[in-house]
Amino acid sequence: MKKLLTIVLAALMVLTLAGCGSKEAEVENNEGEKVFKVAMLVPKIGDQSYFDTMEKGRKTADAKYDNVETVLFEVDPAGSADEALWTAAYDEVCEDGAYDLIISANNTYEGFLYAAAHRYPDQMFLNADASTIDETATNVLSTQFGLDDLGYVVGALSAALTKTGVVGVVVGMDIPAMNQFISGYCQVLTAKDVKYVISYPGSFTDTALGKEVTEKMIEKEADVIWQVAGGLGNGVIEACSGHDDVWCVGVDQDQYVQFEESNPEWAATIVTSALKNTDIVIETVIDWLVAGTLAEHMGETKVWGIADNGVGIAENDYYLANVSDEIRADIAATLKAVADGEVEVYDCFLGETDYENNWPTHRDANIVK
Amino acid sequence: MSGLSQILASMVSLKFVAQIIRMSTGLFFAATASFVAASTGVGNIAIESIMTMSALFGVLGSYWTQSAIGGLVIGIACGILMAAIIAFFSMRLGASPILVGIALNTFAGSLATFFLYQFTGSKGSSASLRTPGFGSWDIPVIKDIPVLGEILSGHYVLTYVCVAVVILLYILIFKTPLGMRMRACGLNADAAKTAGINVDRLRLLSLILSGILSALGGVFIALNYINLYSSGMISGQGWMGIAANGIAQGNYLSLILAVLAFGLFKAVAVVFVGTEFPSELIGSIPYIAVFVGIALISVINYYRVKKGNVAEK
Numbered sequence: 001m002k003k004l005l006t007i008v009l010a011a012l013m014v015l016t017l018a019g020c021g022s023k024e025a026e027v028e029n030n031e032g033e034k035v036f037k038v039a040m041l042v043p044k045i046g047d048q049s050y051f052d053t054m055e056k057g058r059k060t061a062d063a064k065y066d067n068v069e070t071v072l073f074e075v076d077p078a079g080s081a082d083e084a085l086w087t088a089a090y091d092e093v094c095e096d097g098a099y100d101l102i103i104s105a106n107n108t109y110e111g112f113l114y115a116a117a118h119r120y121p122d123q124m125f126l127n128a129d130a131s132t133i134d135e136t137a138t139n140v141l142s143t144q145f146g147l148d149d150l151g152y153v154v155g156a157l158s159a160a161l162t163k164t165g166v167v168g169v170v171v172g173m174d175i176p177a178m179n180q181f182i183s184g185y186c187q188v189l190t191a192k193d194v195k196y197v198i199s200y201p202g203s204f205t206d207t208a209l210g211k212e213v214t215e216k217m218i219e220k221e222a223d224v225i226w227q228v229a230g231g232l233g234n235g236v237i238e239a240c241s242g243h244d245d246v247w248c249v250g251v252d253q254d255q256y257v258q259f260e261e262s263n264p265e266w267a268a269t270i271v272t273s274a275l276k277n278t279d280i281v282i283e284t285v286i287d288w289l290v291a292g293t294l295a296e297h298m299g300e301t302k303v304w305g306i307a308d309n310g311v312g313i314a315e316n317d318y319y320l321a322n323v324s325d326e327i328r329a330d331i332a333a334t335l336k337a338v339a340d341g342e343v344e345v346y347d348c349f350l351g352e353t354d355y356e357n358n359w360p361t362h363r364d365a366n367i368v369k
Numbered sequence: 001m002s003g004l005s006q007i008l009a010s011m012v013s014l015k016f017v018a019q020i021i022r023m024s025t026g027l028f029f030a031a032t033a034s035f036v037a038a039s040t041g042v043g044n045i046a047i048e049s050i051m052t053m054s055a056l057f058g059v060l061g062s063y064w065t066q067s068a069i070g071g072l073v074i075g076i077a078c079g080i081l082m083a084a085i086i087a088f089f090s091m092r093l094g095a096s097p098i099l100v101g102i103a104l105n106t107f108a109g110s111l112a113t114f115f116l117y118q119f120t121g122s123k124g125s126s127a128s129l130r131t132p133g134f135g136s137w138d139i140p141v142i143k144d145i146p147v148l149g150e151i152l153s154g155h156y157v158l159t160y161v162c163v164a165v166v167i168l169l170y171i172l173i174f175k176t177p178l179g180m181r182m183r184a185c186g187l188n189a190d191a192a193k194t195a196g197i198n199v200d201r202l203r204l205l206s207l208i209l210s211g212i213l214s215a216l217g218g219v220f221i222a223l224n225y226i227n228l229y230s231s232g233m234i235s236g237q238g239w240m241g242i243a244a245n246g247i248a249q250g251n252y253l254s255l256i257l258a259v260l261a262f263g264l265f266k267a268v269a270v271v272f273v274g275t276e277f278p279s280e281l282i283g284s285i286p287y288i289a290v291f292v293g294i295a296l297i298s299v300i301n302y303y304r305v306k307k308g309n310v311a312e313k
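Those protein sequences? They're chains A and B, same order as listed.
All residue numbers for the first sequence refer to the working numbering, where the first residue is 1 and numbers rise by one.
All residue numbers for the second sequence refer to the working numbering, where the first residue is 1 and numbers rise by one.
Incorrect hints may appear among the rest.
[To be verified] Chain B side only, calculated, beta carbon under 10 angstroms to chain A, not exhaustive:
no.: 1; residue: Lys15
no.: 2; residue: Met233
no.: 3; residue: Val273
[What the hints assert, rightly or not] Per the computed footprint, the stretches of chain B lying under chain A, defined by three or more beta-carbons under 8 angstroms from a beta-carbon of chain A, are:
no.: 4; segment: 20-34
no.: 5; segment: 217-231
no.: 6; segment: 279-285
Bear in mind the hints are in silico, worked out from the structure with no lab data behind them.
Note that CB positions come from ideal geometry on N, CA and C, so glycine has one too.
Starting from the given sequences, assemble the full structure and let the hints guide the process.
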């Protein structure tokens, strides 16, 4: 027994030493090119939304290049945002400089990324969806989305589709990062004099509550309802699917495609979805890494808008079949105008300096209470 | 405040009544589950987790069998299994049922996500599965009666099951010899044992019943109310049921009133969403109602004991 233990321990020590040795060397593939190693740290994948979109970007980039090797780390499956857990995870991937780039995102977890960036100043990082940016971290590329532009386009579409003259949006929580989705939305609806209802259920998970608040909005005659509320949004889609004359607009990914097979009744209510293409960001940044230009972007904050395909609306067959040519042409023109900067879209989050005072006035300009 | 009068006006409508009924159904299942376990003196605090697991397995069962009834059966089987786990640990191995309940509540959320991922490849929701749900029931004849029809007809199928369950449980606990023995176990287990009652068997029975009722609650939410399993969707309904039972303290009428009050406050909170009132405050209305209810009962009890009407428990 004792002998066995000795052998096992000795084997472990040898393995550990071997592990240390191999990480130091510069890795090359069989064609002699430098292999770029990328680590992506997320709490977990499989949420069919946010983190899955990031995973899609990682996989696409991995498949695109022979000399890019990406590794996914599911750090925090319980979503605890435990500092010790994340610090340890960053230490593990940063310590011996094995990775050329480390990717993470999300307002809950980005603090750990910036902290790691300060501990490892020679490591390059990408914060693929930044909320609170640490400008002192000169080795991080922080990216944000033109969600104000996205909301503007959704607002324009809602205004074109409504028959009652009232539309609505369900926003998970009343916080600046979420309100960024609707700042352009309120602006365009006010300009077109379409009334809107806003619901803040204060949760991203309570599906039943999502259904009930949507029923209330429909009672107030809203007939195009956008959901920006994670899992709670499933309740919004459920409520809309129970009313023939109500459209729902999905979020983050193409939700029509998501439900097309499994729940045709739900899919039938989703006219389009507001896309936030985190995958495009990750893909593009890995392109830069391979091209050798990524280092120039360190310390920058870049906003991914309509022009870069960072945000947009899902133009699937269902959208084409249900939205008239005129409206589609009009929306295409709006997309172009926003992308070209012809329209100045109000942004409560990235552009606004006095959120507390100015945002409520802007939001409530044409609201139905 | 014209907004407030508008809000009040929208509360005095048949739609609002229907909304309270919708929002109370899950709470009724949870509260009766807590009540039936407590009747024999076992505290089942794992209701939230049983609802979560049954909601998931109800949806998976509906997918596997392609029928809502199949989903219901598998969801209930899951509830019975979890109740049996509590019974095994607490009665056979002598663990505190409260601790077993805490253990189940702690891991059920993650375990449900694990199973969800195993069977659907997603950790967020069962969106990729085609799962037949229960739908609503328009009662023939009654649905055509004005007002009454709107109140009684057109609810979810499992809401009618819920009404039946509430009535049947009352008959079982208060009108049958079996129910009387169950309550005897709850009042004084030693005395019941002396009288020749098999306390363990009745406690096992009440736990299993509690598991079935919790499972019905979970299946209601995932196959009837929303027709999809989404992580975290039970959102404290099991806990509110336990709180309702805490307020009722063995009185069935109080239990029903407490649940209806919670349902009312949940519905009120929805009415206030999208008005000028801060959303964080509105979201806490049902929970404040729970807190006030429990505090009120404590105060009432304190004075009853002080007056000497009731012996202190």
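Hint numbers contradicted by this structure: none
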